[in-house]
Amino acid sequence: MTTVDAFIAANRFGLGPKGGYLGGIATDPQSWLLRQLGTEDGALPYLKGLPSSEEIVRAWMQARGSREMRKMFNKNRVKPLFRREIRLRTRAAIETDTPFRERLVRFWSNHFTVSITKGRVRGIAGAFEREAIRPFVTGNFGEMLLAVTRHPAMLVYLDNQTSVGPTSRVGERRGKGLNENLAREILELHTLGVNGGYTQNDVIALAKMLTGWSVAGKRSSQVGQFKFSPRRHEPGTKQLLGKRYPEEGEQEAEQALRDLADHPSTARFIATKLARHFVVDNPSKDVIDQLQRKFRETDGDLGAMARELITLGTVWDQPLTKVKSPGELVISAFRMLGLPEKSKHLIQPLRLLGQLPFSAPSPAGWPDTASDWVSPESLLRRIEMMDLLARRQNKRHDPVTLAEQAFGPVAREETLLAIKRAPSRRAAHALLLTSPEFQRR
Amino acid sequence: MTSRRDFLIGASATGVSCAFSAPGLALANADTGKRLVLVVLRGGMDGLAAFPPIGDPNYEALRRGLLQTMDNTIKLDRRFAMHRSLAPLATHYKKGDMAVIHAIAGPQRTRSHFDAQNVLENGATKAHLLLDGWLNRALSVIDKRKQRLGLAVGYNTPPVMRGTTPVASWAPARIPPSPTHLLDTLGSLYKSDPVLGRALSEGRRAQAMTGAVLGNTKMKRGNMRNPGRFKTLAESAGRLLAAEQSARIAVIEMGGWDTHANQGADTGRLARNLGLLANGLDELSNRLKPVWQDTVICVVTEFGRTVRMNGSKGTDHGTGGAAILLGGAVAGGRVATHWPGLGEDSLYGGRDLAPTADMRGLFKTVLHDHLNVSSSTLESSVFPDSKNAIPPPGKLIRS
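If you're matching them up, the sequences are chains X and E in order.
Numbering that gives the first Met the number 0 puts the first residue of the first sequence at 0, with every later residue one more than the last.
Numbering that gives the first Met the number 0 puts the first residue of the second sequence at 0, with every later residue one more than the last.
Watch out, some of these pointers could steer you wrong.
Here are the in silico distance ranges between beta carbons for each label pair [as the list claims (entries may be wrong)]:
(1) Arg-295(X) with Gly-32(E): 58 to 64 angstroms
(2) Arg-230(X) with Lys-94(E): 34 to 40 angstroms
(3) Arg-420(X) with Pro-193(E): 22 to 28 angstroms
(4) Thr-198(X) with Asp-76(E): 35 to 41 angstroms
(5) Pro-87(E) with Thr-198(X): 38 to 44 angstroms
(6) Gln-244(E) with Tyr-20(X): 33 to 39 angstroms
The list that follows gives simulated cross-link-like pairs (lysine-lysine, BS3-like), each with its CA atoms no further than 30 angstroms apart [stated by the list, open to error]:
(7) Lys-293(X) with Lys-78(X)
(8) Lys-312(E) with Lys-226(X)
(9) Lys-343(X) with Lys-230(E)
(10) Lys-74(X) with Lys-312(E)
(11) Lys-93(E) with Lys-74(E)
(12) Lys-78(X) with Lys-230(E)
(13) Lys-284(X) with Lys-125(E)
(14) Lys-230(E) with Lys-74(X)
(15) Lys-242(X) with Lys-293(X)
(16) Lys-94(E) with Lys-288(E)
(17) Lys-312(E) with Lys-230(E)
(18) Lys-47(X) with Lys-70(X)
(19) Lys-230(E) with Lys-117(X)
(20) Lys-312(E) with Lys-217(X)
(21) Lys-70(X) with Lys-312(E)
(22) Lys-74(X) with Lys-343(X)
(23) Lys-190(E) with Lys-230(E)
(24) Lys-226(X) with Lys-117(X)
(25) Lys-312(E) with Lys-117(X)
(26) Lys-230(E) with Lys-70(X)
(27) Lys-242(X) with Lys-125(E)
(28) Lys-312(E) with Lys-78(X)
(29) Lys-190(E) with Lys-419(X)
Just so you have them, the derived chain X footprint on chain E, three or more residues with Cβ under 8 angstroms [stated by the list, open to error]:
(30) 43 to 56
(31) 108 to 115
(32) 155 to 164
(33) 183 to 189
(34) 194 to 203
The set of hints was computed from the structure by calculation and includes no laboratory data.
If you're wondering where the values come from, they're calculated on a predicted model, not measured in any experiment.
Cβ coordinates follow ideal geometry from the N, Cα and C atoms, glycine included.
Use the sequences and the hints to build the structure in full.
Right under this line is the structure:
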């Protein structure tokens, strides 16, 4: 077992070694990864005490009497809650001893993006990840898809809350109609993929099936929870991807989501995205085929998919194939250097490098290739930010030892030499954080 | 064709040498004096709200819930009006410096943002068919000496400008600049890294060039596509393009157009965004005044939106949309469209404005008539398979 494997395990599949120390991983990197899939989520202790989406939505519904009250609620409750949520989430990623699990959480959270670019999502974006993503990352894809689609954050983010069957009771009385947003993104971004073989009629059919999937209002006893509202549901048989779904209320969309999770296009789409994220920007057909087969064989067992990623020969062949996203870069820097002294310095680098948690620009989530993250402008920003982190760093690490430890056998002579020759400690730390060995994973 | 590797070495060599020369000398005697700004509105602007077809007999009935009050619109001609929030552009229209293109769309019928944006930018007949952007391919003939006449405004180079022709980029500073020795050392550490190496040398080169014109422009933190940032980006782009030894062709992005819910009419979400767009374009035109006669600003979006209101007082992804041409070089003062009409039989798929012009036709006209890119180059490399792409009717660029 070489330490190159340890480096790959810690960086390609993890969030960088804590304190730069690869020692604990080096004895058996693969088992180190596998163990994380079988144990409890190491981030959970750091996320204790955060409110559930139900609590937040209930409080919000009760507060929204007037415009003024809504404003106050946002200012006094939602904003501080969001800040706390993203601080704890970031801290959890820095501290966790199951970083592979954490990477899977981030991957799936990004696959099923909800974003505060829609203001009403702000209070419950974090709860969405805690409730609909985190518990499922080694579970079943179809179950995750259901949990995600029923979650208030997704129903609000993609407007299903306001979608009404045109010939439903509410639709006829108030002249309201469909909103296709959620249905389209489920087909295009969550399951089949844009070339997965669906048409505009399929979008409309799924949108009809999803009518009535909403969040219970304040007059309901289940306020803040998922609720199926028959009065908004479009009645009648629907046809999706050639299959007829007789009228069955809430169960229609549930069945449709299960069928979509089982669709071969979904297996292909998920396999491609996982390979692109964990292996290389342009994964080979063989790698995608292998992952796709595993998805089909196991009916979308995401734990099995994660294990399959580790067993791919090609991921151990070559280190540093991927450029880190800003989020991965900042988290790995803090894992190496330790938490910043001021808590505001925890989030600021993420914001300034353009990857504030839960704020992806569109439902497609953050992009996942080097050309999306490294432009001339953004690279200069990265370097500036790493230099700033180096300046704020005042622990007594020796940068050369740190580099030798953290980069292990992938460290190039010239990088170590440059760090050794740096004119100051700050400059040495800055070089450590900006070197190709640290910018890539 | 140069291989990718040759190109990278060439680019990094220029980058290093220029980073140390006086910034103002980065570019002498650019190969063209013409200016082009491409503004990409991401999310799908509702063209029927921006430029309502008031003369169409079906307009009022179909747009129920989204109609602007008549006295609140600005009349362009007998058939079309302009949203009140675009008022800062009215004088340009009157002077003949602005043309509105209506019922235009890309060549692929798709209601996916991501595919529609991709095809808007790659210039192919389909999404993901070509990996680089059409503007970058056009730059390879406009900017033969690789003087970085192209400029990406914002933190990321938009796909339309990505490719093998090196382009400059600018974004406002938010973090203190890195020490020179760090950048110098990284220059050599990144040499064998094709991605990081190229980006660093391009970045340093761009910094030198734009620093000379703009100094250190500060801007509030946040997303560069946020509509509220558009004016600052437009202003800086204008200053850079107006400078003598600087870029000539810029791309700016602006988000916030995906109005699925509560779109509004006279006021509201869309009205606010249109206002921000108009103010930004007006600022851009002020900055470009010295070169206004040589300027074309082209504002496009990935698709229009559904003609009817959806269940959430918004509109869903549609097909035919609107575009704007603005600038002293524009033969404007008119709405250029083969108007398909909003009759039930004319709507695309029974729900969208039918496109009668191809976005590639518009881009080809601008590149050919304004920037003198030859037809053969346009057909062969910039927009392959675009012979049948229908341009908007009439003359768009003054001769």
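Worksheet item: Of the hints given before, which are not true for this structure?
Response: Violated hints: 2, 6, 7, 23, 30; rest satisfied.
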